[in-house]
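Asker: Given chain W's structure and the hints, the job is docking chain Y onto it.
So the protein lines, in turn, are chains W and Y.
Here the first sequence is numbered in numbering that gives the first Met the number 0, starting from 0 and rising by one per residue.
Here the second sequence is numbered in numbering that gives the first Met the number 0, starting from 0 and rising by one per residue.
What the hints contain is simulated information worked out from the structure, not anything from laboratory work.
Just so you know, even glycine gets a beta-carbon here, dropped at the ideal spot from N, CA and C.
Don't take each hint at face value.
Chain W residues, not near chain Y, derived (Cβ > 10 Å throughout) [claimed, not checked]:
no.	residue
1	145
2	452
3	702
Pairs of lysine-lysine residues, derived as DSS-like cross-links and limited to a Cα-Cα distance of at most 25 Å, are as follows [said to hold, decoys possible]:
no.	chain 1	residue 1	chain 2	residue 2
4	W	36	W	214
5	Y	82	Y	60
6	Y	3	W	359
7	W	33	W	828
8	W	358	Y	1
9	W	824	W	496
10	Y	82	W	591
11	W	290	Y	82
12	W	828	W	111
13	Y	75	Y	60
14	Y	1	W	359
15	Y	80	W	552
16	Y	60	W	591
17	W	111	W	214
18	W	284	W	496
19	W	552	Y	75
20	W	284	W	493
21	W	284	W	828
22	Y	80	W	591
23	W	496	W	290
24	W	830	W	284
25	Y	67	Y	51
26	W	434	W	493
27	W	552	Y	82
28	Y	3	W	358
29	Y	67	Y	80
30	W	352	Y	3
31	W	433	W	494
32	Y	60	W	552
33	W	352	W	216
34	Y	1	W	352
35	W	591	W	216
36	W	725	W	214
37	Y	75	Y	51
38	W	290	Y	3
39	W	591	W	284
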Amino acid sequence: MLGIIGKILLSASFATALLALIFYFVAANSDQDKTLKIGNWLFALKTTFLIAASGILIYLIFQHQFQYYYVYNYTSLDLTSRYLFSSFYGGQEGSFMLWILFSALFGFGLMKWTRAPYKAPVLFFMTLTQIFLLSMLLGWDIFGLKLGASPFRTIAEEMPNAPFLQTNPDFVPADGNGLNDLLKSPWMMIHPPILFVGFAMMTIPYCFAMAALWKRKYREWIGPALPWTLSANVALLTAIFLGGYWAYVTLSFGGYWAWDPVENASLVPWLFGTAGIHTMIIQRKSSVAQKSSILFAILAYMAVVYETFLTRSGILGSSSVHSFVDLGLYNQLLAFMLVVSIVGLGLFFWRYKELPSPKKESNILSREFMTVTGAIMLLILGLVIILGTSSPILGRLFVENPTPPEISFYNNWSMPIVMIMAILTVFGQYLFWKKYDAESLASALISPLLVTSAVTILSVILGDVRNLYYMAYLFCGFFAIVGNGWVVVRLAIKKPKVIGGSLTHIGFGLLLVGILASSAYNEPLVDQETSRFNAAVEAGEVTDEQGFTITQKEEMLVLDLDTPTLIGDRYMVTYEGYELDSSVRRGQQNYKLRFEPIDGGKPFYMIPEVYPMLTSSTRDNIQWSVDPDVRTGLMSDIYLYVGGSSYVQEQNDRVAENNSSMQNIADQDTTVSDVPEVQSFNLNPGQTVDVGNYTIRFVNYLETDSTGLPPNTTIGVRAEVELIHKASSRLVTLNPLFAVYSENGQSYIFSPPSFAREFDLEFQFTEINPQDNSIEITVTGLEEEYEPEWVLIVADEKPFISVVWAGTFILMIGFSISIFRHWGKERAKNKE
Amino acid sequence: MKPKLIIGIVAIVGFTSLLMYNFGESISTYTTFEKAQDQTSAHIPGTWDDEKPAEFSLETKRFTFYMKDEDGVSRKVVYPKPKPNNFEDADQLVVIGEMRGDTFHANEMLMKCPSKYNDNDPGQFTEAPKS
Chain W
0 MLGIIGKILL SASFATALLA LIFYFVAANS DQDKTLKIGN WLFALKTTFL IAASGILIYL
60 IFQHQFQYYY VYNYTSLDLT SRYLFSSFYG GQEGSFMLWI LFSALFGFGL MKWTRAPYKA
120 PVLFFMTLTQ IFLLSMLLGW DIFGLKLGAS PFRTIAEEMP NAPFLQTNPD FVPADGNGLN
180 DLLKSPWMMI HPPILFVGFA MMTIPYCFAM AALWKRKYRE WIGPALPWTL SANVALLTAI
240 FLGGYWAYVT LSFGGYWAWD PVENASLVPW LFGTAGIHTM IIQRKSSVAQ KSSILFAILA
300 YMAVVYETFL TRSGILGSSS VHSFVDLGLY NQLLAFMLVV SIVGLGLFFW RYKELPSPKK
360 ESNILSREFM TVTGAIMLLI LGLVIILGTS SPILGRLFVE NPTPPEISFY NNWSMPIVMI
420 MAILTVFGQY LFWKKYDAES LASALISPLL VTSAVTILSV ILGDVRNLYY MAYLFCGFFA
480 IVGNGWVVVR LAIKKPKVIG GSLTHIGFGL LLVGILASSA YNEPLVDQET SRFNAAVEAG
540 EVTDEQGFTI TQKEEMLVLD LDTPTLIGDR YMVTYEGYEL DSSVRRGQQN YKLRFEPIDG
600 GKPFYMIPEV YPMLTSSTRD NIQWSVDPDV RTGLMSDIYL YVGGSSYVQE QNDRVAENNS
660 SMQNIADQDT TVSDVPEVQS FNLNPGQTVD VGNYTIRFVN YLETDSTGLP PNTTIGVRAE
720 VELIHKASSR LVTLNPLFAV YSENGQSYIF SPPSFAREFD LEFQFTEINP QDNSIEITVT
780 GLEEEYEPEW VLIVADEKPF ISVVWAGTFI LMIGFSISIF RHWGKERAKN KE
Chain Y
0 MKPKLIIGIV AIVGFTSLLM YNFGESISTY TTFEKAQDQT SAHIPGTWDD EKPAEFSLET
60 KRFTFYMKDE DGVSRKVVYP KPKPNNFEDA DQLVVIGEMR GDTFHANEML MKCPSKYNDN
120 DPGQFTEAPK S
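Next up, chain Y with everything else stripped away, as it sits in the complex:
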């Protein structure tokens, strides 16, 4: 084999392994409040627990609400920004942050919200006016 080819293959293999290694490091798995106790940047999907209060406090400048994770466990979540647009509308939330005691401190929050190709859950159909 030509030396150039060998160098090329080594470079490609090296690059790919480094890339894949780094990729593997930069993703994590969706988890739950219980399992997230020791994680610093845990992604937890869930839904807004609308039976408990959700409000933005002017004193602490934090938005506090309760979220139910996929195990059905409801925990207080503190988010250091104003309540995002479409918060109530989201059919799923993903909070990213860490558990401290019983409170989850979210640095980021993603909402699965209606956007470009928004869909409506069939439940809304019953609310349509009956003409």
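Bound conformation, chain W alone:
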């Protein structure tokens, strides 16, 4: 019932949006305030419908209404309320809803703050994009033509042919599939919403550019558009950062960036948006670059839509680690992309001739030239990334069934581009604030260049950099930091409000240096034997049993319990056991690894986690997932995860054994496997004995009551025995019984087994020796030849990741300072 209301609300929202679009169109053409007001009311009504529909979806999720496919597929009973809430946007449909909600919110901002003549056309385009997004949620079926996929469809609608539905059409699953375990992370709460804030905001420069073309007012639009674009950029950057950090610290992707299509999807709009910011700023300063400002604003949004198309239409197929379910929206997404591009670029080229051009060409040593060139470099970088991401489409020019490009394609092309950019930032910033000719600029740059060279040489020596190309790259990165630092210091003294731009460029320089250090000098931490092996592999001296040369290095190592091992020539690492901790995730193990720097630093612990994936594990197969531990340091991070352990293996063996024993019963197979070993220990009260992976302690005798005793018992006594599993400190207390009873005049000993089921051990209290007050405990299942507890770890030392984060933060701060500055200007104009 609620689902039907939800569907109707979404359709109503779509219909009112269409109406609003018409009113905005008329208002934009005729400049009638009254029509615009009706449009605004319709916009508000449309948003109300959408909010109501979202409310219903959230309600259904919280009420566990599993007859709805969306609720079934993304939630389950055991989710806590914050993850229930996040699962609202955990699926494709909900994420579209969230996107439109943000877009609508910013629509109200535009209504309030945008001035005529841009107001109506801006809202027209804002509504247009929302119509396309809303159409993805309709779930209409018009004569077999499917329009959108409704979040409110039931499982019966989703799977009409499922056998269980044909027998019982009203079937409601008892529990849902649940949110993917990897997404049960606090980052899930924050990363997707910020990303959609960014996407929604990136629509706004597009709308302003289109409004400028429509109303033929090519100058004033940048006033309001600039702070919006800057905000969109900060939001996207924050989202990219959060995504990278999430991937790095909890998802064990191994790093913060992998040139994955989904990552690129947020980077390219950011690059184009940044290009647009550059040209808008220079347009405001000196009436140049009007064409490129409009073009970049259009391209930035086109990039958002194009990347949405790539990642959500299913076209990427197997080339991305993020798989997106194909909802059959291919045609709709394609239409969205084509309309945005054709309308955008079409109007741009239609008006091209009348777009203002600069009166004279700028000198090379001018801020105009530098800024525009910088923007063009950003554009080129974005285009290269788009090309790489589009390999499933564009690769067909070369081969059938193309694979994604190698990572080196992205690295090889982006490196020289960012090096040029880094140099340009310094020239650009110097020229931005003061006029120079070649000679005066050269003399002004002498000191920064000297400092840069010194820093570069120092880092080359300290970091043992041998690659010439890397040296040049480092020089460029440091030049951007030092040169822009110079400008920041000078500006901060005079006009601290305007340092935003220079500050972002310092952040950019830091980012470059940090990226190189952390990726090119990433070093696996292995023990000495493995590192000798790896050296031999590198020399091509190792062959496998078939005589092939082994080329793959080993990047992992096994640590036995309580056996210190020297790894990376720097740390004595001891595996001190694990702890079972079900407080966050059922069945989770926290492994305790003690790191002791051999140069006498302070020891520390790293605690990586392993847990079974409850959503995808079945009775006969446990799937384990890992949560790495990252020790963040100023100079370097240690990144470590567990690839396996004796505990994990035990659990897997147990499951496998259960399976085979069940099969054995079915096969009437009665062969008994090996006979368990039996060991006996003599213990005094309070005495402890170490056996293999366990410690056994005889605490004391216990008084016993008559329960469980055979008739005619003459002696009945229990022992309190503690069994401690050394690796996990798990403690089991057992009270085995020793009794002597008489039957037919004869005495018998009765010592029934007590079970420690967790460890498959059986305890018996088999004898009392009154002369030395000791008892005999017999343990069945304890192997004399035991395997020590072990853990397999993969550890990396990644230098200067902190610099990557620092660079990102400085970029954010710089952009934010600029937002305040430009927004302040705009507010002042609004008040006039």
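Answerer: Below, chain Y without anything else, positioned relative to chain W:
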């Protein structure tokens, strides 16, 4: 025509051709075990052959399993890392590496796995508890 324009066009054409050439070089085509005999970095899509053993060996520190390629040919694959998360869950694997004899040595392995927008194959629906 102005000389600047010519330089500009030449630069753009040169850049684009270089870029496209390099792009063409850096992609390859998805292939099969049979065809990958002589390739050094072959991308082979396929599915895990779960009827044959898959295990990580502590001695060699390699994860060994069998994969069926798109022609249905099953080959042993050796991967020098621990078994990845979600390995069993993947509805498609892509191994990147080279054939040596009858064994494929993978340097990298991609799994088409449930991630952000995970989907479930309809087959799983039958396992839902019948209330």
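Asker: So, for every hint listed, does it hold in this structure?
Answerer: Now the hints, each set against the structure:
1. Once the 10 Å rule is applied to beta carbons, residue 145 of chain W is consistent with being away from chain Y; the minimum gap is 17 Å.
2. Distance to chain Y confirms residue 452 of chain W as a non-interface residue, since its nearest Cβ pair spans about 30 Å, more than 10 Å.
3. For residue 702 of chain W, the non-interface assignment is confirmed: its Cβ lies about 47 Å from the closest Cβ of chain Y, beyond the 10 Å cut-off.
4. Note on residue 36 of chain W and residue 214 of chain W: the hinted pairing holds, with a Cα-Cα distance of about 19 Å set against a maximum of 25 Å.
5. A distance of roughly 10 Å separates the Cα atoms of residue 82 of chain Y and residue 60 of chain Y; the hinted pair therefore holds under the 25 Å criterion.
6. For the proposed pair residue 3 of chain Y and residue 359 of chain W, the alpha carbon gap of about 15 Å is at most 25 Å, so the pair holds.
7. Among the hinted pairs, residue 33 of chain W with residue 828 of chain W is consistent with the structure: their alpha-carbon atoms are about 24 Å apart, no more than 25 Å.
8. The hinted pair formed by residue 358 of chain W and residue 1 of chain Y meets the criterion: a straight-line CA distance of about 17 Å does not exceed 25 Å.
9. Under the criterion of a C-alpha separation no larger than 25 Å, the hint pairing residue 824 of chain W with residue 496 of chain W is consistent with the structure, at around 12 Å.
10. Proposed proximity of residue 82 of chain Y and residue 591 of chain W is supported: the alpha carbons are some 21 Å apart, at most 25 Å.
11. Distance hint between residue 290 of chain W and residue 82 of chain Y is unfulfilled; the C-alpha atoms sit about 53 Å from each other, more than 25 Å.
12. For the hint linking residue 828 of chain W to residue 111 of chain W, the alpha-carbon distance of about 14 Å falls within 25 Å, and the restraint holds.
13. For the suggested pair residue 75 of chain Y and residue 60 of chain Y, the alpha carbons sit about 16 Å apart, so the restraint of at most 25 Å is met.
14. The suggested pairing of residue 1 of chain Y with residue 359 of chain W holds, with an alpha-carbon distance near 15 Å, which does not exceed 25 Å.
15. With a C-alpha separation of about 10 Å, the suggested pair residue 80 of chain Y and residue 552 of chain W falls inside the 25 Å cut-off, and the hint holds.
16. For the hint pairing residue 60 of chain Y with residue 591 of chain W, the CA-to-CA distance comes to about 22 Å; that is within 25 Å, so the pair holds.
17. Between the alpha carbons of residue 111 of chain W and residue 214 of chain W the distance comes to roughly 19 Å, so the proposed pair stays at or under 25 Å and holds.
18. At most 25 Å may separate the alpha-carbon atoms for a hinted pair to count; residue 284 of chain W and residue 496 of chain W meet this at roughly 16 Å.
19. Under the criterion of a C-alpha separation no larger than 25 Å, the hint pairing residue 552 of chain W with residue 75 of chain Y is consistent with the structure, at around 19 Å.
20. At most 25 Å may separate the alpha-carbon atoms for a hinted pair to count; residue 284 of chain W and residue 493 of chain W meet this at roughly 19 Å.
21. Note on residue 284 of chain W and residue 828 of chain W: the hinted pairing holds, with a Cα-Cα distance of about 16 Å set against a maximum of 25 Å.
22. The hinted pair formed by residue 80 of chain Y and residue 591 of chain W meets the criterion: a straight-line CA distance of about 22 Å does not exceed 25 Å.
23. Only pairs whose Cα atoms come within 25 Å are accepted, and residue 496 of chain W paired with residue 290 of chain W is rejected, the gap being roughly 28 Å.
24. For the hint linking residue 830 of chain W to residue 284 of chain W, the alpha-carbon distance of about 22 Å falls within 25 Å, and the restraint holds.
25. A threshold of 25 Å between alpha carbons decides the hint, and for residue 67 of chain Y with residue 51 of chain Y the separation of about 11 Å falls inside it, so the pair holds.
26. In summary, the hint linking residue 434 of chain W to residue 493 of chain W is supported, as the alpha carbons are separated by about 17 Å, within the 25 Å threshold.
27. The hinted pair formed by residue 552 of chain W and residue 82 of chain Y meets the criterion: a straight-line CA distance of about 16 Å does not exceed 25 Å.
28. Proposed proximity of residue 3 of chain Y and residue 358 of chain W is supported: the alpha carbons are some 17 Å apart, at most 25 Å.
29. For the hint linking residue 67 of chain Y to residue 80 of chain Y, the alpha-carbon distance of about 20 Å falls within 25 Å, and the restraint holds.
30. Distance hint between residue 352 of chain W and residue 3 of chain Y is fulfilled; the C-alpha atoms sit about 20 Å from each other, no more than 25 Å.
31. A distance of roughly 14 Å separates the Cα atoms of residue 433 of chain W and residue 494 of chain W; the hinted pair therefore holds under the 25 Å criterion.
32. Proposed proximity of residue 60 of chain Y and residue 552 of chain W is supported: the alpha carbons are some 10 Å apart, at most 25 Å.
33. The suggested pairing of residue 352 of chain W with residue 216 of chain W holds, with an alpha-carbon distance near 14 Å, which does not exceed 25 Å.
34. This hinted pair checks out: residue 1 of chain Y and residue 352 of chain W have alpha carbons roughly 19 Å apart, not beyond 25 Å.
35. A threshold of 25 Å between alpha carbons decides the hint, and for residue 591 of chain W with residue 216 of chain W the separation of about 65 Å lies outside it, so the pair is violated.
36. A threshold of 25 Å between alpha carbons decides the hint, and for residue 725 of chain W with residue 214 of chain W the separation of about 77 Å lies outside it, so the pair is violated.
37. With a C-alpha separation of about 9 Å, the suggested pairing of residue 75 of chain Y with residue 51 of chain Y holds against the 25 Å cut-off.
38. Among the hinted pairs, residue 290 of chain W with residue 3 of chain Y is consistent with the structure: their alpha-carbon atoms are about 19 Å apart, no more than 25 Å.
39. Between the alpha carbons of residue 591 of chain W and residue 284 of chain W the distance comes to roughly 59 Å, so the proposed pair goes past 25 Å and is violated.
In terms of the numbered hints stated before, the structure departs from hints 11, 23, 35, 36 and 39, listed from lowest to highest.
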